[in-house]
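There are 2 protein chains.
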Amino acid sequence: MAPFDDVTTPTLVVDLTVLERNLASMAAEARGRSVALRPHAKTHKSVEVARRQLALGAAGLSVATVGEAEVFAGAGVDDLFIAYPVWADRDRAARLGALAERTRLRVGVDSAEGATALGRARVGGANIEALVEVDSGHHRSGCRPEEAAVVARAAEQAGLRVCGVFTFPGHAYAPEAAAGAADDEGRALEAAGAALEAAGLDSPVRSGGSTPTARRTSPGVTELRPGVYAFNDAQQVALGTCGPADVALFAVATVVSAPAPGRIVLDSGSKILGADRPDWLEGHGIIPSLPGAVVISLSEHHAVVELGAGNDAPPEVGRHLTVVPNHVCNAVNLVDEVLAVRDGMVVATWPVDARGALA
Amino acid sequence: MAPFDDVTTPTLVVDLTVLERNLASMAAEARGRSVALRPHAKTHKSVEVARRQLALGAAGLSVATVGEAEVFAGAGVDDLFIAYPVWADRDRAARLGALAERTRLRVGVDSAEGATALGRARVGGANIEALVEVDSGHHRSGCRPEEAAVVARAAEQAGLRVCGVFTFPGHAYAPEAAAGAADDEGRALEAAGAALEAAGLDSPVRSGGSTPTARRTSPGVTELRPGVYAFNDAQQVALGTCGPADVALFAVATVVSAPAPGRIVLDSGSKILGADRPDWLEGHGIIPSLPGAVVISLSEHHAVVELGAGNDAPPEVGRHLTVVPNHVCNAVNLVDEVLAVRDGMVVATWPVDARGALA
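Line by line, the protein sequences are chains R and G. When the letters of the first sequence are read in order and numbered with our numbering, they come out as residues 1 to 359. When the letters of the second sequence are read in order and numbered with our numbering, they come out as residues 360 to 718.
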């Protein structure tokens, strides 16, 4: 990408050509396998991106919070799944009820207590569907597959309509782990779905998928929920999920200091790249124009770069560089807007509509 | 702190009693040593906190970006130091010129190129003072102390008025490192200041200080720039800079899942706690009500907690807990407002005025 000489840094830019290719490719993948695609909007938080996903055939959106659901429902999205074990306190119960009156609404549930609390959201007679979250090996939230029927019964008793099971195979985020995680995902969804059916509960939806596993999920999966694929990031490049040319989102940074031989400092710190760095990933982002360079540390407003052997002519102070964040979801959440570019030219400014919609 | 049963989680709360004690204590430290206190506002980004710091005698504020300077100048703060090697492109040059007409303005410079670019900001005749940044051992930005005179001369030639030197002893952020870093800081500032004086340049300001070193800096330091001390965080507790009772800012989280014995999941993920975790720090925050529990991993909306041996009665799903973030500056930057509490009661909502003011 061009260095965007005229933008004020640090800022985030989206390459529309790459974004559109990524969206079309995942849409084709889902269509070819006759599974529903319900992209996770927590990655982009953007009505502009959501509209493109829906135009390409997405069944609806996945979101992480009631607040995100409100943003996308407000933009006219009429099929939303809060893929999270939502705790419906009084405030959220009222908001869920209001949401369910304007959009088809599914929510996650992984405990009888959570299901009972969600039942309160039906005070207005709103129709909320529940999916039982199961743990397929990531060991975050989600009940064990064999407990799914117990949770589903509690949800039915609370007045929710159970329509299936879901999981997030997050243990795919490690080198060489995607194939095994996809197998785990398929087994967990199958076991949980079978448990629901054995208990006499209908279970048509078996929802899974992450960006590393989306193209590997097993035949029994009926719905995919990848998010990062729209933009990709340094984690996906390192995992081999995508190539460097598939990255659609970059930070544009300025070299603000070149204080020692072989070291430069950029203004893209953790307040724009995010501080995520899993143990298996070296550095805090990729600098495409400086192969071999490593972002060895981030402060809030500094990225310290060791240039490495191949970079004999270090970029001078004042030069713009692009940096691929490690984890794009957290980077996008740090800005109010992103610049949409095509062929190196800024063509639009897109708001990050659901930035900070944490609750 | 009380569990704040009525707030919608996740959210950040500030305990005013602790905040006021922290502010008063650092103000007394500076007063007692006859050094200027110029708190770094990138921690709180809050006009409410800044006003309290100034009322307690702070000489002005430190900020990290031109955008932060604009927010605080807009609130009437009339003495600002952008403690950063600012690169003055056309946009920032114009903004710096406008700022300097309404407030006393100091900026950092660590290279001749940066100084020359800053000279452009004087087009309108604005009076901008420069401090030369030197590296005292953190190896981020900052020239070597013996190069300070070269950078200072370039700044003078660019039309800036050089008034001293500054450093950030960030290598204090490691176990048992604060005393050594404070010594390094004092030596670097002394050497750089002497280099300026030998070159015939006035150098009255020798500005240093971080929260871990602020109470240890050497006699030659004339100004302290700690930021985190206002709130403190899990890093400062681990470093021994403060005790657990000195933490003024917490996330309030809900237990959303208790999927396995000994494990609970909170809704305080990396989108509210921030993902910072230095290698020397275990876990992603402190849960005061669960001693021995460890936040073993963060996703964007999940904090996975291993309860550990001492917690025989795990908190039930739906319960509120408070969590101390690892690095408070990045946590505060993730929200639009914080709840100000006193004696466990919410008494005000404070906007994070400079949130996202990255450029």
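Any given hint could be a false lead.
[To be verified] Pair ranges (Cβ atoms, derived):
1) R:261 to G:556: 38 to 48 Å
2) G:546 to R:261: 33 to 43 Å
3) G:390 to R:337: 39 to 49 Å
4) R:260 to G:535: 23 to 33 Å
5) G:520 to R:6: 44 to 54 Å
6) R:191 to G:383: 58 to 68 Å
7) R:243 to G:393: 43 to 53 Å
8) R:343 to G:535: 48 to 58 Å
9) G:706 to R:90: 17 to 27 Å
10) R:342 to G:638: 48 to 58 Å
11) R:261 to G:671: 33 to 43 Å
12) G:433 to R:157: 34 to 44 Å
13) R:102 to G:535: 34 to 44 Å
14) R:337 to G:457: 35 to 45 Å
Just so you know, these hints were derived from the structure itself, not from any lab. C-beta: ideal position from N, C-alpha, C; glycine also.
Going through the hints against the structure:
no., hint, verdict
1, R:261 to G:556: 38 to 48 Å, "28 Å, violated"
2, G:546 to R:261: 33 to 43 Å, "22 Å, violated"
3, G:390 to R:337: 39 to 49 Å, "43 Å, holds"
4, R:260 to G:535: 23 to 33 Å, "26 Å, holds"
5, G:520 to R:6: 44 to 54 Å, "30 Å, violated"
6, R:191 to G:383: 58 to 68 Å, "59 Å, holds"
7, R:243 to G:393: 43 to 53 Å, "60 Å, violated"
8, R:343 to G:535: 48 to 58 Å, "53 Å, holds"
9, G:706 to R:90: 17 to 27 Å, "21 Å, holds"
10, R:342 to G:638: 48 to 58 Å, "41 Å, violated"
11, R:261 to G:671: 33 to 43 Å, "57 Å, violated"
12, G:433 to R:157: 34 to 44 Å, "55 Å, violated"
13, R:102 to G:535: 34 to 44 Å, "57 Å, violated"
14, R:337 to G:457: 35 to 45 Å, "22 Å, violated"
This entry does not satisfy hints 1, 2, 5, 7, 10, 11, 12, 13, 14, going by the numbered hints stated previously.
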